[in-house]
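Novice: One letter stands for each residue in the lines below.
2 protein chains.
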Amino acid sequence: MSTAALPNATRLSALAAILPDGGLLTRDEDLERYSRDWSGDHVGRPLAVARPRSVEDVAALMRFCSAAGIAVVPQGGLTGLVGAAVAAPGGEELVLSLERMSKVRSVNPIDFAIVVEAGCILEEAKRAAEAQDCLLPITFGAQGSCRIGGNVATNAGGFNVLRYGMTRDLVLGLEVVLADGRVWNGLKTLRKDNRGYDLKQLFIGSEGTLGIVTAAALKLFPRPSRVETALVGLRSVEDAMALYALARRGCSDLLSAFELILRDGLEVALAARPDLTDPLARPYPAYVLMEASAGGEIDLRALIESFLASAGDLVEDGVVASSRAQAERLWLYRETMVEAQGRGGRYLRTDVSVPISQLADFVAQALAAVRHAAPQTQALAYGHVGDGNIHLNVIPPQGLAPADIAPLLHGAEEAIFAVVDRLGGSISAEHGIGRVKQRAFLERVDSVTLDLAKRVKTALDPQTILSRGRILPLVPSEDR
Amino acid sequence: MSTAALPNATRLSALAAILPDGGLLTRDEDLERYSRDWSGDHVGRPLAVARPRSVEDVAALMRFCSAAGIAVVPQGGLTGLVGAAVAAPGGEELVLSLERMSKVRSVNPIDFAIVVEAGCILEEAKRAAEAQDCLLPITFGAQGSCRIGGNVATNAGGFNVLRYGMTRDLVLGLEVVLADGRVWNGLKTLRKDNRGYDLKQLFIGSEGTLGIVTAAALKLFPRPSRVETALVGLRSVEDAMALYALARRGCSDLLSAFELILRDGLEVALAARPDLTDPLARPYPAYVLMEASAGGEIDLRALIESFLASAGDLVEDGVVASSRAQAERLWLYRETMVEAQGRGGRYLRTDVSVPISQLADFVAQALAAVRHAAPQTQALAYGHVGDGNIHLNVIPPQGLAPADIAPLLHGAEEAIFAVVDRLGGSISAEHGIGRVKQRAFLERVDSVTLDLAKRVKTALDPQTILSRGRILPLVPSEDR
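Each protein sequence line maps, in turn, to chains A and B.
Just so you know, we're using full-length UniProt numbering here: the first sequence kicks off at 1 and counts up by one.
Just so you know, we're using full-length UniProt numbering here: the second sequence kicks off at 1 and counts up by one.
Please note: incorrect hints may appear among the correct ones.
In this list, chains with the same sequence are indistinguishable; a pair is considered to hold if it fits within one copy or across any two.
When the alpha-carbon atoms are kept at most 16 Å apart in a straight line, the in silico EDC-like pairs for lysine to aspartate or glutamate are as follows [claimed, not checked]:
| # | residue 1 | residue 2 |
| --- | --- | --- |
| 1 | Lys103 | Glu328 |
| 2 | Lys103 | Glu238 |
| 3 | Lys103 | Glu123 |
| 4 | Lys454 | Asp275 |
| 5 | Lys188 | Asp446 |
| 6 | Lys454 | Asp198 |
| 7 | Lys188 | Asp198 |
| 8 | Lys188 | Asp421 |
Calculated from the structure, these hints are not laboratory results.
Extracted from the complex, chain A is given alone in its bound form (with noise of 0.2 Å):
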């Protein structure tokens, strides 16, 4: 059946009738807040919002929206920048926003496992882990306001990746309505089963196009009693890489954090709040903001101590935090650094792995790339570079008109994916590809990936109701 069989306000009426609270909104001034995501560079224009209160209610929302051809997509927090929750602009495509599946349904310490509705903000379901003494790792900026189902559709990492994994080595189980309206029911908080194909690896990280995640069970780790921070300055890169590779062994699996800044966005940073000061004594090219943590008996001060003193011959200078606070005013360098980017307008964000051995490579090669081909932008370099991680952002000359910004920054994003492709790397290590990384990465994806892709989405999906035209293109048939 085709989107256009039945009219519009036909369409809209059954579904209103599917959601009798008020949960449907078809008002464009309702629908606003669903239609752009975080950055404000991606909006959309959805056929109505619906906010289903239940796994029940999702269910008959997919039915009927299977049988009647309504394209739907899924939607959490809207911090995953890549387009893929943000509705198409052609006014054909329900959101089906998780946002009233927002409870902790449990909490059990002694199983180590937290099971948590879709809509439920991650900073919550972390809060309600604390509450247990449990630690639930994942961690980023978008924390208060991302979605636990937008964080396992998209496979999210963050600043812990390289102690507790991605948001994919977290998850237990899953509840998730297929396409067609079925549910699958494979919410479980087993550490160990090897009961045929693991289905739930399918559905983490493809972005909501094989099916909606409507409840996670993710695994707890015991709360870590002690936390050392230290602040680092460091002659270059290729230090920042050897201290991390030294980092491993000495602070054994106890490191939790590993984030590299150089010294241009350490002074983004500064410009930006003049109540931070320069960190360290002098000024360093490299900056690494490391974290560890522990419970029990274990005396972390001394270990980080010992393990910066024994790295001496890289570490040029470098602060322990004495306290939380200072602990956290350490992390306000990084934070700032990111909020202050986004100051003067839009600017380029990639988000790119390469391995780690290449990383220090892959940053002189890629800076001078960015040189070369956007000479009047700004490029600042920073990440998880313990996962091989880096956010290389570009910022253009304050001014700059509109529609000369977009090919200049493109011009950058070209010039830094040739680097990756170069190392054998990623350009998408993080946020997925959704709508805005669609081109780049079917310029490089091999044939039998992407036919493989095309595969399994038509296997879940045969009617392609789900999440259109992210990560897989638009086939003719489907481009209504």
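Given the coordinates of chain A, work out where chain B should sit on it, guided by the hints.
Specialist: Showing chain B alone in chain A's frame:
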């Protein structure tokens, strides 16, 4: 094309031509060692055994087999114990042994990554990692025989899962030959890569039914410089689980093994090896063998001793190994108990999991259920309880006629599985389904899960060429 389309001699000579260097074995005496698994319980009859030397060989074999409709079963070290890699009895399946693809392609201590071919024996891969001061953490009894491809295909578990995860958690990339002979090259060492669907997840744990893993890139860890091993005596399984809850917190994330042994299991070990003496001054109902490991400047000995002292209410007595030799001796109780079980002939191995919080209940209820269903047997419960994983094995009385053993063990298994079902557990925590557990799997699997699994199988192997009848049932048209 049906398997009967070409006469056997034609098929065999075509296969031999693909592997001109004697890679195809066809004589009965040559097939013998590829026809039965480690336990000897599962025996099949291959059409022939193909032993490719390269991914190109595997691709050529699969191109031919898919065109000619020849069923293929990939084979590793034959230690999976569920009949997944043993040929079916009909003499129509080609065994594709990966044993001649056994190279360690690279070890990179900066990327903390190893790339190995599928036929590499796990222990050899572990040794290659150690040579670079790294740890490949997959660890279990069969590590001297099993092969990496089989570890990946079965998502192998083992002793160190609670610290390092299952094999799935360690896979960075795969090279896979598909059923139609195309090569999927997903062999990368990136730590973060969210470019579209994570296709490697399809093949991990699929028991050879979706593709043939020919090489894998796996995560490494810093090789621990200190390991502490303790054996403690406890009043009950409940106390063992309470100790585990404390240990996860008290030993931070440094706990690498936590194995439960009951008194009767220990006595099996003592009886089997008269040189082993009772490890503690008096007998206890339950024992825990625990291990913690670390690098760097952590005083692990002090950590584990202070932890055990803090758990004094639970720990009745215990010994912390003072040397590597003593630690190995403590592990010997565990290993001897396992080896000794098989000395009397056929017995029932189960490999189940429940939520950690249910584990003590599970052991009590399952042992009672076996006493009721098969009172003349001896039931031993032991396992990786930190993962909720128990091997509850049942040994028939000596001298029972073989014809009487099978129904007795079947009744015991049904009784154990009924308790697993009641507690929301898994009938296969580590070993998979293969052919041996298929009936029990199909009796329990819900229709949505089964439908999704069949869709995935059809998407990747539409002709059902690969590992036919493992996990999923043969459909009538395939059962020739």
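Novice: Check each numbered hint against the structure and report the violated ones by number, ascending.
Specialist: 1, 2 and 4
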